[in-house]
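Number of protein chains: 4
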Amino acid sequence: MTDQEACRLLAEMTRELYDNRLVTAKGGNLSVRCTSRENACWITPSGNFKGGLSPDDMVLVDLDGNKLDGPYKPSVEAGYHAGLMRMRPEVSAVVHTHAPFATVFGMSDMEMKPITTEAILIMNYPNIPFHLGGTADLHSFVLKHVGGGTAKGAYLRNHGLITTGKSLREAVDYTYMVEHTCRILVIAKMAGIEPSLIPQETVERIGQYVAMI
Amino acid sequence: MTDQEACRLLAEMTRELYDNRLVTAKGGNLSVRCTSRENACWITPSGNFKGGLSPDDMVLVDLDGNKLDGPYKPSVEAGYHAGLMRMRPEVSAVVHTHAPFATVFGMSDMEMKPITTEAILIMNYPNIPFHLGGTADLHSFVLKHVGGGTAKGAYLRNHGLITTGKSLREAVDYTYMVEHTCRILVIAKMAGIEPSLIPQETVERIGQYVAMI
Amino acid sequence: MTDQEACRLLAEMTRELYDNRLVTAKGGNLSVRCTSRENACWITPSGNFKGGLSPDDMVLVDLDGNKLDGPYKPSVEAGYHAGLMRMRPEVSAVVHTHAPFATVFGMSDMEMKPITTEAILIMNYPNIPFHLGGTADLHSFVLKHVGGGTAKGAYLRNHGLITTGKSLREAVDYTYMVEHTCRILVIAKMAGIEPSLIPQETVERIGQYVAMI
Amino acid sequence: MTDQEACRLLAEMTRELYDNRLVTAKGGNLSVRCTSRENACWITPSGNFKGGLSPDDMVLVDLDGNKLDGPYKPSVEAGYHAGLMRMRPEVSAVVHTHAPFATVFGMSDMEMKPITTEAILIMNYPNIPFHLGGTADLHSFVLKHVGGGTAKGAYLRNHGLITTGKSLREAVDYTYMVEHTCRILVIAKMAGIEPSLIPQETVERIGQYVAMI
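Protein chains in written order, with the working numbering: chain E, 1 to 213; chain X, 1 to 213; chain V, 1 to 213; chain H, 1 to 213.
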């Protein structure tokens, strides 16, 4: 993937998530690993309106989150975007959104349950305690709980959602999948439905499969 | 319908269901009977991102689900797609989605009730016990409960929805209709509303009419 | 408005309502008064897929609902569409949809309350008892309760919604307005919120104003 | 910004809010400060269908709400739009919508709570008692509670929402943000979830920051 393609994809995906009300005007940031240069990634800029980013707005940062190139300041969350790529070589993209059902889920004490195969894929996401966006505290908590673990994403309490992927498309797909699954769980709770669960044996079988991929 | 038209329709309908969040990035599959060749059907490929399939991605399988042609592996659910067309000559298309309200419905003990004429059309859908997607167990349960019966679709517990149709358009329309109706029932339950029902006499009259078509 | 414009508008509005999931694949019908010919109206055809109607598909009927022209059978609800225009000269368009929140509302015993100015405009809609779609019973009940009254629309129990307007745009706008207002009321009920109400004095003042227009 | 750009933006934003069902057919109005002329603003017209406004439909009013130019009558709410710009020099745009979750929130006794950073930005919005739209009573209450205060917006009880901004884009973004946040709070209430809150210390820190901007 050329830098041009990476930046175009970042702009397109941010716009798609904005149109679906998962990214808000100023809330949400996306990054993708740079392939033309080692130890760097492209990330959305800080503060700009997220419904109208162009490929030229993207910012290149090293894997400590320091700006290398680009017309704006990088997202205030560059620290954990870059850090996740530094700590986990298989991660090539990070997506942070304000997905509403994932946000509701993350401000409750609900637990993800094996209600579908997709739910099993995200059952190990931690719910990271609140720290103000853009702070070193938030970054170190995300890196500790996601960077140092095996979960492919995390809830940010009173804030939103992080997902990662081997590609930007995959990280975005996981965002939709988490939102879809949290919505199903919250709808069931609203309706007073105790959802049936996938048998524990199958959950473990899928869990082992997931650990491999 | 030429093969070209069949594949174009499959791509269009998959995209439409994806855009409406009934098919997810990797969840959902559609098939339509092949008319240029006996005992075969076109089906969406396995694993590919469902939001961007092209007509050229489709796979031809025989009615036992074995691949005949195409650039990818067929959907892991080809077994029941093909089997339903083998067992029920009037079925020309099968649609499997992760429609959220149908999924909630299918993981509860709610029963479809005659709340509208549309609800009556889908009152005999079975709720098929959970078996892992892509397994012979799931296929044989679907074929037993839908292939061998008169229901035009089924809930898959902890998984999603299957609908069939005399055309791909009809099978997709039934998917929307089931989702629409489950949503109404679940909303009523959320609001503590006990919905009024269509009188039993009318239900039976419509049921007889449905059995004929 | 020429016949051509009337038919184009019918096709456009049906498609818009379909895209917004208020009209379903086969559920919903729209009509608009013909101006090139007295005592006639254009109506959507019966049975055709509602997501892809073209202007050429529309059917001309007299105000008793008898077909005058067009390539298909008129909607099975032509009887009350035409009848409403016959009985109420100020009505130039009728819209019947399966709007989900209006449908939930119509199958409950909830009453429309003066929660907003818009709600006051629709507080006199009757909730018409269930009769099978397309039957003379349904038509006569609609004509009795809406044709012979002052309400600009009605809930159809276990079925959906009817709105009317001085133009097709206005009838469609009322459909959205009813759905919007029912949604707010049902959401409040779901959340256990007893909504505050507009003072009775203001309700009466607006009611008098509405009666005049 | 030229007058032409201001009017084009007003048309575009009204349409966007209409398509997102926050502005209804006749409900909602937007304004933006005129820069070619002192003490004046452009505002959407009264009564016109809000789903299809063109830039040429906009009306110029002075900061007392009197019409200066344009083909239609100004919105009946021109009084508080203009008044807010007169009283608060930092306000360059005002947006009034019928956003459904904000409307539900405004007809309840719920309080905005520090559930996210975005929620903190809107915690000081007053809930203005009901007065009929377009009346001097409503205008004076809005000007007293928002014009004379520091809140950047307000709930209108049994009516809808007002937001303001340093630009039209910002005022629209706040509308989405309020709706997004009210939706999260109402969903939590529906599901019986008591949301965790951001610690009071952080709330105060952010509050001080907000007061500065």
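Keep in mind that the hints are not guaranteed to be accurate.
[Said to hold, decoys possible] The calculated DSBU-like cross-link candidates involving lysine-lysine, where the alpha carbons are at most 35 angstroms apart (straight line), are:
1. E:113 <-> H:113
2. V:113 <-> V:166
3. H:144 <-> E:26
4. X:67 <-> V:113
5. V:144 <-> H:144
6. V:26 <-> H:67
7. V:67 <-> X:166
8. V:166 <-> V:144
9. X:144 <-> V:166
10. V:166 <-> H:144
[As the list claims (entries may be wrong)] Listing some non-contacts, in silico: residues in chain X with all C-beta distances to chain E over 10 angstroms:
11. 15
12. 63
13. 69
14. 112
15. 113
16. 159
In case anyone wonders, no lab produced these hints; they're calculated from the structure.
Only a predicted model underlies this, so the values are computations on that prediction, with no experimental measurement involved.
Where is the CB? At the ideal position from N, CA and C, for every residue including glycine.
How the hints compare with the structure:
1. E:113 <-> H:113: 28 angstroms, holds
2. V:113 <-> V:166: It holds: about 25 angstroms lies between the C-alpha atoms, which stays within 35 angstroms.
3. H:144 <-> E:26: Given pair residue 144 of chain H, residue 26 of chain E holds - Cα atoms ~29 angstroms apart, limit 35 angstroms.
4. X:67 <-> V:113: Violated, at about 60 angstroms.
5. V:144 <-> H:144: Cα-Cα ~49 angstroms, so violated.
6. V:26 <-> H:67: Outside the cut-off at roughly 48 angstroms; violated.
7. V:67 <-> X:166: Status holds; Cα separation ~29 angstroms.
8. V:166 <-> V:144: 20 angstroms, holds
9. X:144 <-> V:166: 54 angstroms, violated
10. V:166 <-> H:144: Not OK: residue 166 of chain V and residue 144 of chain H at ~39 angstroms, beyond 35 angstroms, violated.
11. 15: Check passes; 14 angstroms lies beyond 10 angstroms.
12. 63: 26 angstroms, holds
13. 69: 27 angstroms, holds
14. 112: 15 angstroms, holds
15. 113: 15 angstroms, holds
16. 159: 6 angstroms, violated
The structure shown violates the earlier hints numbered 4, 5, 6, 9, 10, 16.
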